[in-house]
Amino acid sequence: MDRFLWTSGLLEINETLVIQQRGVRIYDGEEKIKFDAGTLLLSTHRLIWRDQKNHECCMAIPLSQIVFIEEQAAGIGKSAKIVVHLHPAPPNKEPGPFQSSKNSYIKLSFKEHGQIEFYRRLSEEMTQRRWENMPVSQSLQTNRGPQPGRIRAVGIVGIERKLEEKRKETDKNISEAFEDLSKLMVKAKEMVELSKSIANKIKDKQGDITEDETIRFKSYLLSMGIANPVTRETYGSGTQYHMQLAKQLAGMLQAPLEERGGIMSLTEVYCLVNRARGMELLSPEDLVNACKMLEALKLPLRLRVFDSGVMVIELQSHKEEEMVASALETVSEKGSLTSEEFAKLVGMSVLLAKER
Amino acid sequence: MHRRGVGAGAIAKKKLAEAKYKERGTVLAEDQLAQMSKQLDMFKSNLEEFASKHKQEIRKNPEFRVQFQDMCATIGVDPLASGKGFWSEMLGVGDFYYELGVQIIEVCLALKHRNGGLITLEELHQQVLKGRGKFAQDVSQDDLIRAIKKLKALGTGFGIIPVGGTYLIQSVPAELNMDHTVVLQLAEKNGYVT
Numbered sequence: 001m002d003r004f005l006w007t008s009g010l011l012e013i014n015e016t017l018v019i020q021q022r023g024v025r026i027y028d029g030e031e032k033i034k035f036d037a038g039t040l041l042l043s044t045h046r047l048i049w050r051d052q053k054n055h056e057c058c059m060a061i062p063l064s065q066i067v068f069i070e071e072q073a074a075g076i077g078k079s080a081k082i083v084v085h086l087h088p089a090p091p092n093k094e095p096g097p098f099q100s101s102k103n104s105y106i107k108l109s110f111k112e113h114g115q116i117e118f119y120r121r122l123s124e125e126m127t128q129r130r131w132e133n134m135p136v137s138q139s140l141q142t143n144r145g146p147q148p149g150r151i152r153a154v155g156i157v158g159i160e161r162k163l164e165e166k167r168k169e170t171d172k173n174i175s176e177a178f179e180d181l182s183k184l185m186v187k188a189k190e191m192v193e194l195s196k197s198i199a200n201k202i203k204d205k206q207g208d209i210t211e212d213e214t215i216r217f218k219s220y221l222l223s224m225g226i227a228n229p230v231t232r233e234t235y236g237s238g239t240q241y242h243m244q245l246a247k248q249l250a251g252m253l254q255a256p257l258e259e260r261g262g263i264m265s266l267t268e269v270y271c272l273v274n275r276a277r278g279m280e281l282l283s284p285e286d287l288v289n290a291c292k293m294l295e296a297l298k299l300p301l302r303l304r305v306f307d308s309g310v311m312v313i314e315l316q317s318h319k320e321e322e323m324v325a326s327a328l329e330t331v332s333e334k335g336s337l338t339s340e341e342f343a344k345l346v347g348m349s350v351l352l353a354k355e356r
Numbered sequence: 001m002h003r004r005g006v007g008a009g010a011i012a013k014k015k016l017a018e019a020k021y022k023e024r025g026t027v028l029a030e031d032q033l034a035q036m037s038k039q040l041d042m043f044k045s046n047l048e049e050f051a052s053k054h055k056q057e058i059r060k061n062p063e064f065r066v067q068f069q070d071m072c073a074t075i076g077v078d079p080l081a082s083g084k085g086f087w088s089e090m091l092g093v094g095d096f097y098y099e100l101g102v103q104i105i106e107v108c109l110a111l112k113h114r115n116g117g118l119i120t121l122e123e124l125h126q127q128v129l130k131g132r133g134k135f136a137q138d139v140s141q142d143d144l145i146r147a148i149k150k151l152k153a154l155g156t157g158f159g160i161i162p163v164g165g166t167y168l169i170q171s172v173p174a175e176l177n178m179d180h181t182v183v184l185q186l187a188e189k190n191g192y193v194t
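From first to last, the protein sequence lines are chains A and B. Its first residue numbered 1, the first sequence is counted upward by one per residue in the UniProt record's numbering. Its first residue numbered 1, the second sequence is counted upward by one per residue in the UniProt record's numbering.
Heads up, some of the hints might be wrong.
Simulated pairs of lysine to any residue, SDA-like, Cα-Cα distance not exceeding 25 Å [stated by the list, open to error]:
hint, chain 1, residue 1, chain 2, residue 2
1, A, Lys196, B, Ala34
2, B, Lys38, A, Ala199
3, B, Lys60, B, Ser140
4, A, Lys187, B, Asn46
5, A, Lys111, B, Gln67
6, A, Lys78, B, Ala34
7, A, Lys201, B, Lys38
8, B, Lys44, A, Tyr241
9, A, Lys187, B, Ser52
10, B, Lys38, A, Asp180
11, A, Lys53, A, Tyr27
12, A, Lys183, A, Leu163
13, A, Lys53, A, Glu31
14, A, Lys183, B, Thr74
15, A, Lys78, A, Thr39
16, B, Lys152, B, Gln127
17, B, Lys149, A, Leu181
18, A, Lys196, A, Thr214
19, B, Lys53, B, Met71
20, A, Lys189, B, Thr74
21, A, Lys107, A, Gln52
22, B, Lys55, B, Val66
23, A, Lys172, B, Gln137
24, A, Lys107, B, Lys130
25, B, Lys84, A, Gly251
26, A, Lys189, B, Gln137
27, A, Lys168, B, Glu49
28, A, Lys187, B, Lys112
29, A, Lys187, B, Ala73
30, B, Lys53, A, Leu163
31, B, Lys152, A, Arg277
32, B, Lys60, A, His87
33, A, Lys78, B, Val163
34, B, Lys112, A, Leu257
35, B, Lys38, A, His87
36, B, Lys152, A, Asp307
37, A, Lys292, B, Glu99
38, A, Lys78, B, Lys55
Hints were generated in silico from the structure; no laboratory data involved.
Next up, chain B with everything else stripped away, as it sits in the complex (with noise of 0.2 Å):
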């Protein structure tokens, strides 16, 4: 008989053939993790070497941010995912935008009682540089709405709504349920304000 593929021994065969390609897989993937640790020493290089150039203009520049911003996004690059990320730390990208989340909540905050928690984004520019005085950096609407985008991961509710030209910022849930109410009751309660 020479019919392959068949029998016993063939499937025992295949067993450890199996085992011997996934022993390997292992060992590849260590090998790439080698290779990727070393890469990525080189990219931090790269980097570093970039933003020596070139922080100035993301600092100053808005439009280049907005490019820079962009370009990251085509290639599935998050530059503000965290503080630790190489982007924040080299080229101070993370600082501008986290601050930034920083003084909208806080405008937020403050005219709550007054606009309802909605507000324009065009009231919210206004305001935001107000609060960061005279000799802060330049600071767009884009950059606005990319701190904002981030901030929704807080679970903070706060929405941007398209409306005519611009949007509108929404900085509390939409719906109140039981839940919040027991949060805000506990708040009465105990005397913080939100």
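So that you can see chain A by itself, here it is in the shape it has in the complex (with noise of 0.2 Å):
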């Protein structure tokens, strides 16, 4: 910890901010120090501090002075860290924090995350080194103490202006986002109205309104976003969208679920249909709507839902083979059975055993 120095926290002629980051947290080894809650920056030359609270305790590290950089993995309760292992520091050295340390590294708390970040950046300034093509002046690294400097040459002033514009412009593009997506929510908002007052009127008149405009009706809500609220029992929820995806689902199930024993869980399903796809990938209710209408469209898998919740496709055909397959044992080794008997033995209603 005694490597630091107090700075003025500005960037001097020929050095760039690479990447910052809040909520940062300084230990001096292992130890907890004052230095709680500040903004961390990386520049091409230096690793610097600046409190949060106290925007003049301002302290630097140039990066000349690290031997090494690690990661630590955040845990219960403990955010990720970045270990930084230092030589040890020069005897002519400008005034810091701490006049010495037993710890020849420090460790850098990321409270706020972005630590992964952080690190990529400072490994890659490490291994680039600008600070050694770019030299900057050694006296413009001079500050007494947390008091701010004196006024510096023109250059400095300069660099700060331009960072102060590029910060308005960003902050600029951000706010006009907002304001066009706020008028863009406003015009979404009246779809939301006009399509309540037609699905009201489509609720009043089952029957009259036709086939075709409710399934039109329904791949305009599915455009928009907007949850339906008219279901009809032909197919659910599902639009043309969904009837048209079904069919593909068909197609390409095939062979992954003969090869998985007939079954899979639709997570699997999910993850398999959208890492072939790679682009245009499918919502989770995508998938579950295209389901729903398999067995409605007599394709050859079908949707099915456990009690626990567990949703699986099943191929229709190796499910009947195996259940005949095994039906069939049950009766020869009892040699006969009555549906009703058949129905407690395997434990399924007697309606099913029935069929059987």
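Mind assembling these two chains? They're in different frames, but the hints should get you there.
Structure follows, in structure tokens:
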């Protein structure tokens, strides 16, 4: 911790900001010290830490002082950290927060995340060592404690101004984006109102509205992402899109299902299908809505939902054979069985047993 | 007699009026559908314009994504409901979250033998970021939560349990009953692993 020196935090000529992160705490070795909430800035030349509560408390370490860095993963209740191992302080080092320390490393704790990106950038800077090619004059590093330093050369002010402009530009972009977004949302809200009124009309007139019109309406809702208040028995909340999807799925899943014994969980299907598509992925709801239509469309797969809520896709054919085979076995073992006895034995409803 | 609304004649007249009204009602609905179609086209081009200016913002800025999602929720729109929705197609939000869903499932499956299907949001976040690699878009914890909420539709038993200041993510159903056991048995028999 004795490698840090006080600084004004202003960047020098030739020094550029690489990345910054709020919510960073510094440890001296393993020990917590009073610098517990600050903004950490990485420049091409230095690692700078500025206290969030007191902006005048600002310190830095030249990157040349770093030997190597390590990552420390987060745990429960612990933030992710970067461990920075340092060279011994040079004898002519400027004053800093600690005169001496028994540790030759510090830890940076990222309480508001951002550790991964920061580590990546810091590693990059350590590899590129840009500070060696762009020297900044030593005297400009000097500063007396936390007081703001004397007025620097014009270059520094110019750089600060540029940074400020860039910040304002980014802010402006964001606020413009928000403004546009708000206007868009107003229009979207109109669509929602309109769809509600149509939905009410449809509810009142079940039977007077044609099937076509209902299907059209449902596809409009799908485009806008509005929940469907009208469910028709034939196809549920499915649309033409889901019908097509169901047919595609039937084709796509035949082979994988056979490889896996004729049954797959919906989670597996979701991953399989989306990995294969690469782009224009299916939403979980798309998948479920399409699968609900499999049976209605008489496709060779079907969706099955267990009591526990687990959802699977299974091959129609496979299931029957298996069931019939096991039923036959059971019956021949016992000699003969009424459907009631069979039902009790196998644990299924009498109705199904009768079918078998 | 000047009493109105009474007698067979009046009733018949009323029925006729109702029928005519219903007919008109049908026509009204058609009109509204046509109107909706037109407005939808207009909205689509507004969205396209928005996307051309700000699509990057959504991709790069997790905070902006949060704002966007909240606004959608307020007006009753789910931009992630379908990959065929305008929002998905034009802003690319769909692919972002659906792919994230796949990555979350894969991480949970990979670590299930170690943690029994319970993982902290922090660890999930780290593992997902690791899997995505250096050059992928930044993903926030809010993004993960939204992706997981969508995954619930798959009936997989994904749960989000608040704990302390953070969340535990559960990726297996809490109780196993006979049906689930049957699935597992079938799985064992046929040699596929969940």
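Verification of the hints:
1. A:Lys196 - B:Ala34: Distance of about 15 Å is within 25 Å: holds.
2. B:Lys38 - A:Ala199: 17 Å, holds
3. B:Lys60 - B:Ser140: 11 Å, holds
4. A:Lys187 - B:Asn46: Given pair lysine 187 of chain A, asparagine 46 of chain B holds - Cα atoms ~9 Å apart, limit 25 Å.
5. A:Lys111 - B:Gln67: 23 Å, holds
6. A:Lys78 - B:Ala34: 57 Å, violated
7. A:Lys201 - B:Lys38: 19 Å, holds
8. B:Lys44 - A:Tyr241: 18 Å, holds
9. A:Lys187 - B:Ser52: Cα-Cα ~18 Å, so holds.
10. B:Lys38 - A:Asp180: 21 Å, holds
11. A:Lys53 - A:Tyr27: Holds. Lysine 53 of chain A to tyrosine 27 of chain A sits at ~18 Å (cutoff 25 Å).
12. A:Lys183 - A:Leu163: 30 Å, violated
13. A:Lys53 - A:Glu31: Within the cut-off at roughly 21 Å; holds.
14. A:Lys183 - B:Thr74: 14 Å, holds
15. A:Lys78 - A:Thr39: 19 Å, holds
16. B:Lys152 - B:Gln127: With a Cα-Cα distance of about 20 Å, the restraint between lysine 152 of chain B and glutamine 127 of chain B holds, given a limit of 25 Å.
17. B:Lys149 - A:Leu181: Within the cut-off at roughly 24 Å; holds.
18. A:Lys196 - A:Thr214: 13 Å, holds
19. B:Lys53 - B:Met71: Answer holds: lysine 53 of chain B to methionine 71 of chain B is near 18 Å, not above 25 Å.
20. A:Lys189 - B:Thr74: 9 Å, holds
21. A:Lys107 - A:Gln52: Measuring from Cα to Cα gives roughly 18 Å; hence the hint holds.
22. B:Lys55 - B:Val66: Measuring from Cα to Cα gives roughly 14 Å; hence the hint holds.
23. A:Lys172 - B:Gln137: 22 Å, holds
24. A:Lys107 - B:Lys130: 21 Å, holds
25. B:Lys84 - A:Gly251: 20 Å, holds
26. A:Lys189 - B:Gln137: 30 Å, violated
27. A:Lys168 - B:Glu49: Given that 25 Å is the threshold and the Cα spacing comes to 24 Å, the pair holds.
28. A:Lys187 - B:Lys112: 45 Å, violated
29. A:Lys187 - B:Ala73: Holds: lysine 187 of chain A and alanine 73 of chain B sit about 14 Å apart, inside 25 Å.
30. B:Lys53 - A:Leu163: Given that 25 Å is the threshold and the Cα spacing comes to 23 Å, the pair holds.
31. B:Lys152 - A:Arg277: 21 Å, holds
32. B:Lys60 - A:His87: 37 Å, violated
33. A:Lys78 - B:Val163: Holds, at about 14 Å.
34. B:Lys112 - A:Leu257: Answer holds: lysine 112 of chain B to leucine 257 of chain A is near 23 Å, not above 25 Å.
35. B:Lys38 - A:His87: Outside the cut-off at roughly 69 Å; violated.
36. B:Lys152 - A:Asp307: Holds - the C-alpha atoms of aspartate 307 of chain A and lysine 152 of chain B are around 15 Å apart, at most 25 Å.
37. A:Lys292 - B:Glu99: 22 Å, holds
38. A:Lys78 - B:Lys55: The given pair, whose Cα atoms are some 35 Å apart, is violated under the 25 Å limit.
In this structure, the hints that do not hold are numbers 6, 12, 26, 28, 32, 35 and 38, in rising order.
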